[in-house]
Amino acid sequence: MHWKIAYAQVKKIPRGRVMTYGQLAAAVKLPGGARSAGRAMAASPSGKGIPWHRVVGAGGRLLLREPNVWMQRRLLESEGVRVAERRILDFKMRQWLPVRKKRKA
DNA sequence: CATCTGACGACCG
DNA sequence: GCGGTCGCCAGAT
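Using my numbering, the first residue of the first sequence is number 2, and each one after it goes up by one.
Simulated from the structure, these hints should not be mistaken for laboratory data. The structure presented is a predicted model; accordingly, all values stated were derived computationally and were not measured. Where is the CB? At the ideal position from N, CA and C, for every residue including glycine. Just to be clear, a hint being listed does not mean it is correct.
Across the chosen pairs, the derived CB separations fall in these ranges [said to hold, decoys possible]:
{"hint": "1", "residue 1": "W71", "residue 2": "G48", "range": "27 to 37 Å"}
{"hint": "2", "residue 1": "G81", "residue 2": "P32", "range": "30 to 40 Å"}
{"hint": "3", "residue 1": "L90", "residue 2": "H3", "range": "18 to 28 Å"}
No farther apart than 27 Å at their CA atoms in a straight line, the calculated lysine-lysine pairs in the BS3-like style are these [said to hold, decoys possible]:
{"hint": "4", "residue 1": "K12", "residue 2": "K30"}
{"hint": "5", "residue 1": "K30", "residue 2": "K93"}
{"hint": "6", "residue 1": "K5", "residue 2": "K30"}
{"hint": "7", "residue 1": "K93", "residue 2": "K12"}
{"hint": "8", "residue 1": "K13", "residue 2": "K49"}
{"hint": "9", "residue 1": "K49", "residue 2": "K12"}
{"hint": "10", "residue 1": "K13", "residue 2": "K93"}
{"hint": "11", "residue 1": "K49", "residue 2": "K30"}
{"hint": "12", "residue 1": "K49", "residue 2": "K5"}
{"hint": "13", "residue 1": "K13", "residue 2": "K30"}
Kindly produce the complete structure, drawing on both the sequences and the hints.
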């Protein structure tokens, strides 16, 4: 589907930064909103270089289920993103706003 | 075509 | 701060 665009956006997420499903959905204007973003990631073809692990739930929460969340956490930590069980630490700073970022210090 | 399910998000207790 | 519920929308069965 047009999930391609979602993937394209995800690929733009810089290393060590994350985006929420809601943001992603809004950024590419996915019809179903955040949920569709989630579906898109769930169906994301692995091995295509899509940093799906950089897409998290609102508030920087890891919404994946048991086995996968561990991998996501590991991938994030490998990029320097600190994670506590199911939540990204310093999410506010870690969050990446497409193009018009400019987060305050 | 009816129903269920879910990698969501906002609210409420 | 956390868990439970409701609302939403798109796919799958």
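(message) Please verify whether K13 and K30 have alpha carbons no more than 27 Å apart.
(response) Judged against 27 Å, a Cα distance of about 16 Å means the pair holds.
(request) For W71 and G48, compare the CB-CB distance with the range 27 to 37 Å and indicate the outcome. (result) This hint is violated: roughly 19 Å between Cβ atoms.
(message) Check the hint pairing K93 with K12 against an upper bound of 27 Å on the C-alpha distance.
(response) With Cα atoms ~20 Å apart, K93 and K12 stay inside 27 Å; holds.
(message) Check whether the Cα positions of K12 and K30 lie no farther apart than 27 Å.
(response) 16 Å, holds
(message) So if I understand the rule, the pair passes when the alpha-carbon distance is 27 Å or less; does K49 with K12 pass?
(response) It holds: about 10 Å lies between the C-alpha atoms, which stays within 27 Å.
(message) So if I understand the rule, the pair passes when the alpha-carbon distance is 27 Å or less; does K5 with K30 pass?
(response) Cα-Cα ~12 Å, so holds.
(request) Could you grab the alpha-carbon distance between K49 and K5 and see if it respects the 27 Å cut-off? (result) 11 Å, holds
(request) Kindly confirm whether 18 to 28 Å is satisfied by the beta carbon distance between L90 and H3. (result) 33 Å, violated
(message) Check the hint pairing K30 with K93 against an upper bound of 27 Å on the C-alpha distance.
(response) 22 Å, holds
(request) With a cut-off of 27 Å on the C-alpha distance, tell me whether K49 and K30 pass. (result) Between K49 and K30 the Cα gap is close to 22 Å, so the pair holds against 27 Å.
(message) Within 30 to 40 Å: is that where the Cβ-Cβ distance between G81 and P32 falls?
(response) With a Cβ separation near 34 Å, G81 and P32 satisfy 30 to 40 Å, so the hint holds.
(request) Below or equal to 27 Å on CA atoms is what counts here, so check K13 against K49. (result) Cα-Cα ~14 Å, so holds.
Violated hints for the displayed structure, listed by number in ascending order: 1, 3.
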